[in-house]
Amino acid sequence: MLYREAGQFKASYIEDQQIFPIRQDKIGFIAILAFFSLVVPMIASEYWLQAILIPVLIFSLAAIGLNILTGYAGQLSLGSAAFMAVGAFGAYNFMLRIDGMPFIAALILGGLCAALVGIAFGLPSLRIKGFYLAVATLAAQFFIVWALVKFPWFSNNSTSGVISAQKVEILGFAFDTPVSKYLLTLAVVAVFALLAKNLVRTTTGRSWMAVRDMDVAAEVIGIRPMRAKLSAFAVSSFYCGVAGALYAYTYLGTVEPEGFSLDLSFRILFMIIIGGVASIMGSFLGAAFIVLLPIFLNVAMHALFAGTMPAGLASNLELIIFGGLIIFFLIVEPHGLARLWQIGKEKLRLWPFPH
Amino acid sequence: MQFFFEVLIGGLLSGVLYALVALGFVLIYKASGVFNFAQGAMVFFAALTFVGFRELLPGLTGLDPEGALVFWMAFVLALGAMIVLGILTEKIVLRPLVNQPHITLFMATIGLTFLVEGIAQGIWGANVRGLSLGIADEPVEWIMDSANMLVSKFDLFAAALAGVLVASLALFFQYTKVGRALRAVADDHQAALSIGIPLQQIWAIVWAVAGFVALVAGLIWGARSGVQFALTFTALKALPVLILGGFTSVPGAIVGGLIIGASEKLAEVYIGPFVGGGIEGWFPYMLALAFLLVRPEGLFGERHIDRV
Amino acid sequence: ASEQFIGLPSYRVGPFGSNGASLYGGWIDYMAMINERDGGINGVKLSWEECETEYNNARGVECYERLKGKGATGNTVFQPLSTGITYSVLEKVAQDKIPMVTIGYGRTDAADGRVFPWVFPMISTYWTQASAIINYIGSKEGGVDKLKGKKIGLLYHDSAYGKESHAILDKLASKHGFTVEKIAVASPGNEQQAQWLQIRQAKPDYVILWGWGVMNATALRTAQKTGYPREKVIGVWWSGSEEDTVPAGDAAKGYTAAGFNVAGANYPVVQDIQKHVYGKSKGNMEDKGRVGSVLYNRGVVHGIITVEAIRKAQEKYGKGKALTGEQVRWGFENLDIDDKRLAALGAAGFMPDLKITCADHEGAGKVKFQQWDGAKWTVVSDWISGDQTVVRPMIEESAAAYAKEKGITPRDCSKEM
Amino acid sequence: MNTATHTAASAAAPYLSINNVEVIYDHVILVLKGVSLQVPKGKIVALLGANGAGKSTTLKSISNLLRAERGDVTKGSIEFKGARIDQMTPNDLVKRGVIQVMEGRHCFGHLSIEENLLTGAYTRSISRAELKDNLEKVYHYFPRLKQRRSSQAGYTSGGEQQMCAIGRALMAKPEMILLDEPSMGLAPQIVEEIFEIVKDLNTKEQVSFLLAEQNTMVALRYADFGYIMENGRIVMEGDAKELATNEDVKEFYLGLAGEGRKSFRDVKHYRRRKRWLS
Amino acid sequence: MMMNDMPQEAVQEQTRRIGDVVLDLQNISLSFGGVKALTNISFDVREHEIRSIIGPNGAGKSSMLNVINGVYHPQEGRILFRGEERRKMEPHVAAAQGIARTFQNIALFKGMSVLDNIMTGRNLKMKCGLLAHAMFWGPAQKEEIEHRKKVEEVIDFLEIQSIRKTPVGRLPYGLQKRVELGRALAAEPSLLLLDEPMAGMNVEEKQDMCRFILDVNDQFGTTIVLIEHDMGVVMDISDRVVVLDYGKKIGDGAPDEVKNNPEVIAAYLGTSH
Ligand SMILES: Nc1ncnc2c1ncn2[C@@H]1O[C@H](COP(=O)(O)OP(=O)(O)OP(=O)(O)O)[C@@H](O)[C@H]1O
Ligand SMILES: Nc1ncnc2c1ncn2[C@@H]1O[C@H](COP(=O)(O)OP(=O)(O)OP(=O)(O)O)[C@@H](O)[C@H]1O
Ligand SMILES: [Mg+2]
Ligand SMILES: [Mg+2]
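Those sequence lines, one after another, are chains A, L, B, V and D.
Taking my numbering, the leading residue of the first sequence gets 1, the next gets one more, and so forth.
Taking my numbering, the leading residue of the second sequence gets 1, the next gets one more, and so forth.
Taking my numbering, the leading residue of the third sequence gets 1, the next gets one more, and so forth.
Taking my numbering, the leading residue of the fourth sequence gets 1, the next gets one more, and so forth.
Taking my numbering, the leading residue of the fifth sequence gets 1, the next gets one more, and so forth.
Keep in mind that the hints were calculated from the coordinates and are not lab data.
We put the CB at the ideal spot given by N, CA and C, even for glycine.
Some clues are possibly wrong.
[Stated by the list, open to error] Covered by chain A, according to a simulated footprint, are these stretches of chain L (three or more residues, beta-carbon under 8 Å):
#1 83-92
#2 120-132
#3 203-210
#4 217-229
#5 248-259
#6 281-293
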């Protein structure tokens, strides 16, 4: 009976309002954070840092962004990748055009650009709902990518439309090794995740969820749907924008508008659905799952069938298994990995009794 | 002016082709509230299966590869494959997800997209193939002669086909018992179950019909641009049509298609040059979006009911 | 004995999977043939591993990182076959000391080897190709001076790739006095009614088709529908394979396209593959009918260049030894495949002769034109060069700008050996 | 006190019988903890109990709608006319004559009232004329529906939707109806009417009813037999007449204390309830 | 013994506490397409009173509430709230003016816990911005805690302490109704609109609910407009009753008056009552 809240009493509302009211959770969280910031940099190979951990972190941030919009505020969006693009190109242009621009400021300004664009494309949500809105967000997806390709100013007139991120330097320290990039990403993501967690458990978050669950009722109790929806769009796009900037600066180094395709938007959507809608932790779990799964499949296929199966078939088999697993997970737990985790905890709480 | 009409007519006819793909979406959405993202992949799968059989059959039977017999045999076999696909989808994907939020089902269909794409290419290979339906994609001569205007025979044929499909499906939904049951299921899965509507059967039927529509769309599109992976992208052309016409309306698909097709072509020709062209990717979406601001449920879509 | 490892970031699913299958097939088959026929390069067997990228940058980077450390000496050459991935690993390859070879795609200004020592956009860049196409059109008109007053349509894929054509064609237009009518096709390009009606309206003398994927077949189909003669449509090399013409059916008849390699299975090198690889049923192609197709042969070209560079490097660093990436880079930089060597490889006329130097990482700068006769490609021109007096300065200018932005001091090639 | 009636109920050959059923939602929430009850043929049985006692869950476990809510029958058996029905699809059940009217209306919002009713007859293959007859019969029971026949059900008032849901079930011509809170949100007159209809169907057409109701007073007036449920268990059962006179029932379910009905204004605010089991 | 603590003065106090008209509805007409939901209806609500609306199904009761708090906009008529005429207005404005309500078909936020649901009721009273929330530091935290205290009072009042953290979707119907009441109360409204708060409850639960309503009315002086089909409840606790039928007003007055109005009996109550 390791996981028990019995015996933990809360004497004040402050204690009850904490992120982790249960002691085991808090310890667990600190342990995980310590592991990822202290142990991982020492043991992880460059491949793990560069090709797995950094993207997982960045996608987690984007997934948090989408989760705020879709999970918490209930506005289905298929344009997250485009908002990432705005963030990436925004940060790039701030760095490029303003001398001595601090990186963190550029990151945030990039995010703010995305937030503005997000608000613009969020306006229709005041009238449009559900899948209609989802398809409408595709307008953002296609339009933004088109505009970034079309107007060379955004990519500083690069013939190929590709931008290469400037060197990242904070207070004179250059972040140019995988480890330092990883730690920077981790720090940014951890801070923003915490902020997001705070947002969703206070009034702002409650008004988002209220609008999501029943917007007429929300309005009747005094929540203004316009403010709630637009703030969700703004915050969500901000997160996606920051993630996009990190994508350019700490992950790929160079990005092109077409890289922020509809496919990427779907991938992020998968992350929140598989991870768990309306769950910050789910965003992390989902991002890890969706980044790792294809890699795992690819490696597994090679290990199992190298040489014995035509390469084309192997690649298609990967695709089939990927699709199949997605469906499988949705069936097993439509509420995502975060819910599985919760059920696990509930069982643990009851353990060893079945009910 | 002649040019304007040429573009307009060309656009309208292309629009009908978009509608053909949109129709598949409407069918499934109407009957189960599922936004089936896999429709594009189904179009690809259907077309690929058709040409696959068409290549295979002459070798097995010794029939003339270009003959009508092989064509229809391949058609029937491909249709069979689509029906099997529909039934399997119902069994494996939808049945366990009854009564789940729509977004979950939507995601499942994206998963299905990968699955179908993988299976299609796994079976038939990644080769790009040509497909000829025996109707030349040429201008109709007398229109060309009399008005110097270009109207494609092939497009006219496709438009007529789409028209027939739309009309019969619209009637089916509105006036038959099964059609009514389909609409009921879309509203409330659990209530439909409670009065004994066999969800399984209903879904299998719709998916099979959607498979048939996908096959028709696949043949037409395949004949236009070859049977290749890019057929899955026809879905992206169909989506703005769908929101403009309304997710739940069969006639909406065709009207939406006409509007989108025509305005997209006119915009490309008359607005495109000012902004550097290539606006066809997003213009239909923006148009549909602007339209939704006026009518949030599309032209003929059902209104979202929220009464308190 | 020792093995030379080559990582292959391939794409066999997705919209370009069909192209990928042919290309990687040819490449892998060539390497397999070297192993089978010659027992490797001076006894060093080639080994390789594929990594599916789905033509996606992020996955490409993951593949790069994953493949980097494989094999005894690490991955010794990276050929991403995607411009996006090229850019994403551009700086990494220099750090990791792995040469990157981009044949017929990638970063054009990387042809300036002084600024980009690790990158080899070989045989021909997009700009050279554009210039060669204009030269070809000129030759059909009876000389480039005859281009004055002509109108050339450019139907391009509306993406960074498609827009590579703009600057160079504008330059050539002002040089030769023709006009360019640029018409964009939104990706993926499976609908081109509006574009071809515009072309029909503008009546250009030629149309350059700068497409990719489904856009090509659709362009040819729509050209037929709007009555534009296919003989006047000239494609780039990503528009000139069987994958582009077969789905267009009859509509493709008469269409001409550029290529830095030709189609055909009757070249000795392809024959050797048939004999030593498929003869032992070890071929990579699922559809053997496509052996000898344009993209398959392009894969063979990749194979030839890779193998020849390793061979060259072995001459310097020791025959029969597995080499490091750094050593192979030297091989690439000193590659010299002249006509004699081509003949020895069984590839005379199959690809252009190629000589890489420290400053010039492009090498050949030539393309051939082939015409589709409804069933196969036939060569209709000799190797045609681009106008280097126009192209090279553009490349140097662009590379210099990059060097400045990144704070790179270009190598002094006179000091390199 | 209720042994006598118990045997009486089981003696009248059980038509629908639930034996020791246990239901778990979401793999962890145990809701029914071994429920057994019987409905004899041609009888009306009332299932009473407080909010959350598990009445709806019981009905859903019979009609097999639980699975759609991620609930599972983990123990026990359910029999109808002597055959196990716990593994049947709702479609088969409706064909066999068991239909549930769900709590909370669940009309098809986008269909008109008349279309809603017509879908009710989905499982039957009957002639157009017969269909029309049936429709008229429902309209006869609920004239209000006839007036609103072409309105989209989603826009009709709460009570109209309730009538629509019941009418829709009647269209299936069931032998056994599981009615979940039919009186909820209905005007008193209509409640009375609905129960009259229930009685009518019961006597004229031999339809059996299992009805979950909060309106104990009315329910016991019309039912033959009653079960009282608390916390996932049956805590009391008996003849409806007997239950209606039982002191505990009177106090806790009918609001009658000793001398008769007490004004709502005067009821004191303290925990009155005695739990049989908790 | 225990049931007799309500002394005689209390009843008198009830009649005394009723004040002036706070809400005056004049000639309200509302129709949807062809359906006339309300036709020319006028009535008023006085400060502190419990005003019930009864009528058969589809009579327009819920529509009436929707008109009062701005969900529906009547085509004709005037609404005076505290002497001010309100033309077209939005629900959140009504909320800001102190009007709260519950719904006929429970409209709780299904994905949230009981506590969060009730907290949303205090939304209007919270002032901190988004950034402050993100930091959850200083004023935002203080505000949160302060409002949490108020909410806990409501929770205590409604005796739902034990289900504080439960997601509302899992609660049985009756408790959901109670939570919904809590959400409305958390806004400390001056006018509370209740749409069939006791539907689907057994007598005992109705008694509880009545008690809550009366207590709110007594302790906070909240004016209440109540729709209910249980005549026992309506007749016992309301001060005045309006009767609607087919969108028309057919009766208005004290419970006893209404109960004996033949038109009301014919249209609604039926003879059995
Ligand atoms: N889908 C579900 N998931 C989890 N728990 C559920 C679910 N449905 C019901 N429950 C729980 O099961 C218990 C019994 O619910 P049920 O709806 O059967 O009660 P009821 O007796 O019908 O109550 P009411 O009179 O309020 O309708 C309740 O405590 C409820 O919280
Ligand atoms: N949004 C709407 N659109 C169309 N018709 C509506 C709408 N709202 C209400 N109506 C109609 O107005 C009439 C009155 O409805 P309302 O909900 O006010 O009735 P009610 O008195 O509350 O009935 P109940 O007691 O059954 O809840 C009904 O006939 C209903 O169909
Ligand atoms: Mg119930
Ligand atoms: Mg009502």
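Verification of the hints:
Residue count for the stretch 83-92 of chain L with a Cβ under 8 Å from a Cβ of chain A: 1. That is fewer than the three needed, and the coverage hint is violated. Coverage of the stretch 120-132 of chain L by chain A holds [criterion: at least 3 residues with CB-CB distance below 8 Å; count 4]. With a threshold of 8 Å between beta carbons, the proposed coverage of the stretch 203-210 of chain L by chain A is violated, since 0 of its residues qualify and at least three are required. Check on the stretch 217-229 of chain L: 0 of its residues sit with their Cβ under 8 Å from a Cβ of chain A, so the three-residue criterion for coverage is violated.
Taking a C-beta to C-beta cut-off of 8 Å, the stretch 248-259 of chain L contributes 0 residues in contact with chain A, too few for the three needed, and the coverage statement is violated. With 8 residues carrying a beta carbon less than 8 Å from a beta carbon of chain A, the stretch 281-293 of chain L meets the three-residue requirement, and the given coverage holds.
Hints 1, 3, 4, 5, counting from the list given before, are not met by this structure.
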